[in-house]
Amino acid sequence: MIAYIGTRLARGLLTLFGVLTVAFLALRLNGSPAVAMIPQGSPQAIADLNTALGFDGSLLSQYARYLGNAAQGDFGTSFAQEGVPTVQLVLDRMPATLELAATALVLGMLAGFGLAFLIQLTDGRRLRTAMIWLGVARQATPTFLFGVLLVLVFSVKLGWLPSIGRGGVQNLVLPALALGTFEVTLYMRLLDASLTEQLQRDYVRTAHAKGQRRSVILLRHMLPNALLPTLTVAGLNFGAMLGGVVVVEAVFNWPGVGQLLVNSVNARDYPVVQTTLLVVAAIFVLVNLAVDLLYAVLDPRVRLR
Amino acid sequence: MTTDVTGGGRAAGPSRPADAVVPADPAPAPRRRRGPRLSTLLGASALLLTLAIVAVVPLLPQYDVQGQDLSNALAPPFRSSTHLLGTDELGRDTLSRLSAAGLTSLRIALPALAISVVLGVTLGLLAGYFGRAANAVIMGVADLQLSIPLLILLIMVVTIVGPSPTTLTVVLGCTYWMGYGRVARVHALTLGEREFVQAARTFGASDGWIIRKHLLPKLVPQLAIMASFDLGVIVILEAGLSYLGLGVQPPTPSWGGMILTGQNYLQTNAWLAVFPGLAIFLLVGGVQVLSRRFTREDSPGSQVQLGGQV
Amino acid sequence: MSERLETASREPLLEVRDLCVDVATPAGPVRLVDGVSFEVYPDEAFCIVGESGSGKTVTMLAVMGLLPRGARIARGSVLFRGRDLAGLSARELRGMRGGDLAMIFQDPMTALNPVLSVGAQLAEMIRLHSRTLDRAAVRRRVVELLEQVRVPHAASRASAYPHEFSGGMRQRVMIAMAMANRPDLLIADEPTTALDVTIQAQVLDVLREMREDVGSALVLITHDLGVVAETADRVLVMYSGRVMETGTVEQLFAEPRHPYTAGLLASMLRMDTATAQAYAIAGQPPTPADRPAGCVFSPRCGLAAPPCTQTVPVLAAPDAAAPGSRVACHRSDLVPQWIRTDLPQLAGVGADGRVDPA
Numbered sequence: 366m367i368a369y370i371g372t373r374l375a376r377g378l379l380t381l382f383g384v385l386t387v388a389f390l391a392l393r394l395n396g397s398p399a400v401a402m403i404p405q406g407s408p409q410a411i412a413d414l415n416t417a418l419g420f421d422g423s424l425l426s427q428y429a430r431y432l433g434n435a436a437q438g439d440f441g442t443s444f445a446q447e448g449v450p451t452v453q454l455v456l457d458r459m460p461a462t463l464e465l466a467a468t469a470l471v472l473g474m475l476a477g478f479g480l481a482f483l484i485q486l487t488d489g490r491r492l493r494t495a496m497i498w499l500g501v502a503r504q505a506t507p508t509f510l511f512g513v514l515l516v517l518v519f520s521v522k523l524g525w526l527p528s529i530g531r532g533g534v535q536n537l538v539l540p541a542l543a544l545g546t547f548e549v550t551l552y553m554r555l556l557d558a559s560l561t562e563q564l565q566r567d568y569v570r571t572a573h574a575k576g577q578r579r580s581v582i583l584l585r586h587m588l589p590n591a592l593l594p595t596l597t598v599a600g601l602n603f604g605a606m607l608g609g610v611v612v613v614e615a616v617f618n619w620p621g622v623g624q625l626l627v628n629s630v631n632a633r634d635y636p637v638v639q640t641t642l643l644v645v646a647a648i649f650v651l652v653n654l655a656v657d658l659l660y661a662v663l664d665p666r667v668r669l670r
Numbered sequence: 093m094t095t096d097v098t099g100g101g102r103a104a105g106p107s108r109p110a111d112a113v114v115p116a117d118p119a120p121a122p123r124r125r126r127g128p129r130l131s132t133l134l135g136a137s138a139l140l141l142t143l144a145i146v147a148v149v150p151l152l153p154q155y156d157v158q159g160q161d162l163s164n165a166l167a168p169p170f171r172s173s174t175h176l177l178g179t180d181e182l183g184r185d186t187l188s189r190l191s192a193a194g195l196t197s198l199r200i201a202l203p204a205l206a207i208s209v210v211l212g213v214t215l216g217l218l219a220g221y222f223g224r225a226a227n228a229v230i231m232g233v234a235d236l237q238l239s240i241p242l243l244i245l246l247i248m249v250v251t252i253v254g255p256s257p258t259t260l261t262v263v264l265g266c267t268y269w270m271g272y273g274r275v276a277r278v279h280a281l282t283l284g285e286r287e288f289v290q291a292a293r294t295f296g297a298s299d300g301w302i303i304r305k306h307l308l309p310k311l312v313p314q315l316a317i318m319a320s321f322d323l324g325v326i327v328i329l330e331a332g333l334s335y336l337g338l339g340v341q342p343p344t345p346s347w348g349g350m351i352l353t354g355q356n357y358l359q360t361n362a363w364l365a366v367f368p369g370l371a372i373f374l375l376v377g378g379v380q381v382l383s384r385r386f387t388r389e390d391s392p393g394s395q396v397q398l399g400g401q402v
Numbered sequence: 366m367s368e369r370l371e372t373a374s375r376e377p378l379l380e381v382r383d384l385c386v387d388v389a390t391p392a393g394p395v396r397l398v399d400g401v402s403f404e405v406y407p408d409e410a411f412c413i414v415g416e417s418g419s420g421k422t423v424t425m426l427a428v429m430g431l432l433p434r435g436a437r438i439a440r441g442s443v444l445f446r447g448r449d450l451a452g453l454s455a456r457e458l459r460g461m462r463g464g465d466l467a468m469i470f471q472d473p474m475t476a477l478n479p480v481l482s483v484g485a486q487l488a489e490m491i492r493l494h495s496r497t498l499d500r501a502a503v504r505r506r507v508v509e510l511l512e513q514v515r516v517p518h519a520a521s522r523a524s525a526y527p528h529e530f531s532g533g534m535r536q537r538v539m540i541a542m543a544m545a546n547r548p549d550l551l552i553a554d555e556p557t558t559a560l561d562v563t564i565q566a567q568v569l570d571v572l573r574e575m576r577e578d579v580g581s582a583l584v585l586i587t588h589d590l591g592v593v594a595e596t597a598d599r600v601l602v603m604y605s606g607r608v609m610e611t612g613t614v615e616q617l618f619a620e621p622r623h624p625y626t627a628g629l630l631a632s633m634l635r636m637d638t639a640t641a642q643a644y645a646i647a648g649q650p651p652t653p654a655d656r657p658a659g660c661v662f663s664p665r666c667g668l669a670a671p672p673c674t675q676t677v678p679v680l681a682a683p684d685a686a687a688p689g690s691r692v693a694c695h696r697s698d699l700v701p702q703w704i705r706t707d708l709p710q711l712a713g714v715g716a717d718g719r720v721d722p723a
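Chains as they are written, first to last, in my numbering: chain A, 366 to 670; chain B, 93 to 402; chain C, 366 to 723.
Derived by calculation from the structure, the hints in this document are not laboratory data.
We put the beta carbon where it would ideally sit given N, CA and C, even for glycine.
Take the hints with a grain of salt, since some may be wrong.
Cβ-to-Cβ under 10 Å is the rule here; a few derived chain B residues that face chain A [what the hints assert, rightly or not]:
1) V148
2) L151
3) P153
4) S239
5) W347
To give a feel for the contact side, a few chain A residues facing chain C, derived at Cβ under 7 Å [as the list claims (entries may be wrong)]:
6) G433
7) A435
8) N536
9) Q565
10) Y568
11) T571
12) H573
13) R579
14) P589
15) P665
To spell it out: a stretch of chain C is covered by chain A in this simulated footprint if at least three of its residues, at any positions, have a beta carbon under 8 Å from a beta carbon of chain A; those stretches are [said to hold, decoys possible]:
16) 457-463
17) 487-496
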């Protein structure tokens, strides 16, 4: 068990390190930003600005400095907003994004799992087919389009809900729906397929032979087994959802990290872009680590190794 | 009428008895069906409709992508024969722009898909067939790429290189290869260990011959199914980037861009956003439904598309 | 165990009459079990023997009401203590499973839920059929059962998980679970097939002990004649979904009346007789969809003659009958002679062609 956690942790750190390096290189690819910022400046001024921004010296020394700073939590300051640490900008926006992402994920997961359970319990072929079709339709619709359509129907035509910005619960509804509906379809199909696979297992037959009820077999025997493979996929999916967050924040003008990213790209504020990327990757790595740990908790075969 | 779009449902109840003689056939006996399934028809129709718009509209006399007519801005659809789908905020013909945008999307998505497949299969075969070191390196890169959400990775790359259709194509191609890589690698791994491959080697068969004759025939159908599905995903990714202003740049029309501007006019003329949205839906939906129709994959993992949400 | 042969004076515990089980295939329903009839008496060990695909498992799944989706009882009746199981509601049948009727299966590695402790799964079985026991009592019963099947350190092992047990121990746990509610009938589907030979004896021992303690009848499904010889009181020989022969184990081993039974016995490798050549019945069983006309064994039968390919033989008592034995063969009276001439492998001690069971 310790070894299990240890390897997962090590792998996570390695990935983070890799992302750090990639982010570093990515920014350097564009050459020095000083030229872009003061194109009319004298060579001396440009060189000075480069030094100030940390773009002087050999690539290797820049890298070393970069890593050193990173270890201390210093990820540079924003170009667009003079002197403001990028980390602060990102963290300021975190709560908004987390609010949106967490709501969508939790609701999506619960609804999706609930539907899958219902389908298995009632053995509802029709329901399953309907859900699959809905899932196909939703997957063929880009999330941003779905968001715009939601705005069209519920905000413009019906006037029930606001279309822009963050505020009370009513502001959260449409963005969470836009993001969450995709999750629902995903988790529903995921758990349904996993449960169907479990039906073929021998222990299910044993449970029936004991005279146990179908609903209890589903809940107590099959669900724990079916959730395990679902977890791994859920971890991977989380990263995919983060992409959706960016787009939903754009649609609804939601003041989160995604919007910060897009604005920074447009403003060529590279340090902020870089830090955002790092934060997102770090979150993703952490989530997958958490999934691995959860796996260990739930599966006795892993726990007791 | 069964609409077995993903085949998620199978026998419920206790598992098969040990000595039941019902053949466990990997290729089940063909069902007696009167004609194609509903899903195939719908998928094919949707796809054909979109392709028709892209291919046929430019041939019509009223085809005009850039011509503005501010006096006729935001005209509603289905009223005039010159502007079948109405006009946008600058009086430009929506139908023409819709068609041109579709062409742009396909021009980016199809080559990107090709790049993904070729890159993925090559790397996957290298990783699976040619030993541990190659495997470790390639899979390491794949893992690294997978650890960054795709859209965000794309945004980052576009930040550096700037958005142009060519860069978009290349970027999309280079970020989407992992799925194909994984499949190719698995095939290569299992194939290399098969006895008939070892036997073939003993009488001098070259690796190239083995790959061509034994690996590709099994690999290609699976790739085809994945690729057709992924075409939809890549189109959505490109549309998303365009919506964020990081993809196809105006004045070149793109579906994502049209939705972006259309969003400002939901009150006055919602069609501006709806039509491009419908186009995306039909193209992607058509392609994905058709691909699912032919897929045999039912494992939970295969339900997750690499691109996730956009 | 031969004292229990006065079958006529006792009521059968389980009566299967003309049972037919169909499974749905794209090409139409296929009959897996075709007109099987037998009785099982209280307290006895009844073995159903046959090759893979003979329908022996499907028959007992039908009895338990555990047929997989797509399979159904097309005809016939299953009477347990006189009640027709087919007429029961799903809930009533469920109430009997695990209580009056219990079943264990072939592969102990997969038959237990990997994420629940062994004790929890045993406890579930106990609680399903007795509402009155409190937690402590259930816990005691679990430990008691584990001790009965000779699991060492039963008290601590109860909270262990299935993957921590060996195959033989897992099967013994399954036996304990099945016997937990003292069922009248235990059905064991190839309980030792997936186990090493050395472990088989242990498991069969435990099985016998538990049976004697509880007093339940046993229906043992197997393809291993050695197991039959050791365990059975009476035997049912099945082939391709039909009954070929039935009788006491002594009768069957000493004087098989069906060519198929004789063939099975001859192909059993033995240490106590000198055989020049191993015997195997030539050919393969037919697929259920393609049964030949007449006797289903006729294509492979050394005694086949015109009536065999035309009419299906009826299960009936042979001419020189021992009580309780029945055979489905048009030419059963010719079998002893055929054995003497054609099956030297069955020639053992004694010039009259009789071979004693091990």
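Right, here's what the structure says about each hint:
1. V148: violated (22 Å)
2. L151: Not OK, violated: L151/B not within 10 Å of chain A, min 27 Å.
3. P153: Because about 31 Å separates P153/B from the closest Cβ in chain A, which is outside the 10 Å limit, the hint is violated.
4. S239: It holds, given that the least Cβ distance between S239/B and chain A is near 5 Å, below 10 Å.
5. W347: holds (9 Å)
6. G433: Violated, about 46 Å.
7. A435: violated (41 Å)
8. N536: violated (41 Å)
9. Q565: violated (10 Å)
10. Y568: holds (4 Å)
11. T571: Holds, because the Cβ-Cβ distance from T571/A to chain C comes to roughly 5 Å (cut-off 7 Å).
12. H573: Where the cut-off is 7 Å and the nearest Cβ of chain C is about 6 Å from H573/A, the hint holds.
13. R579: Violated. Min distance 9 Å.
14. P589: At 5 Å from the nearest chain C Cβ, P589/A passes the 7 Å test, so the hint holds.
15. P665: holds (5 Å)
16. 457-463: Satisfied; 5 residues make the cut.
17. 487-496: holds (count 4)
Violated hints, in rising order: 1, 2, 3, 6, 7, 8, 9, 13; the structure is consistent with all others.
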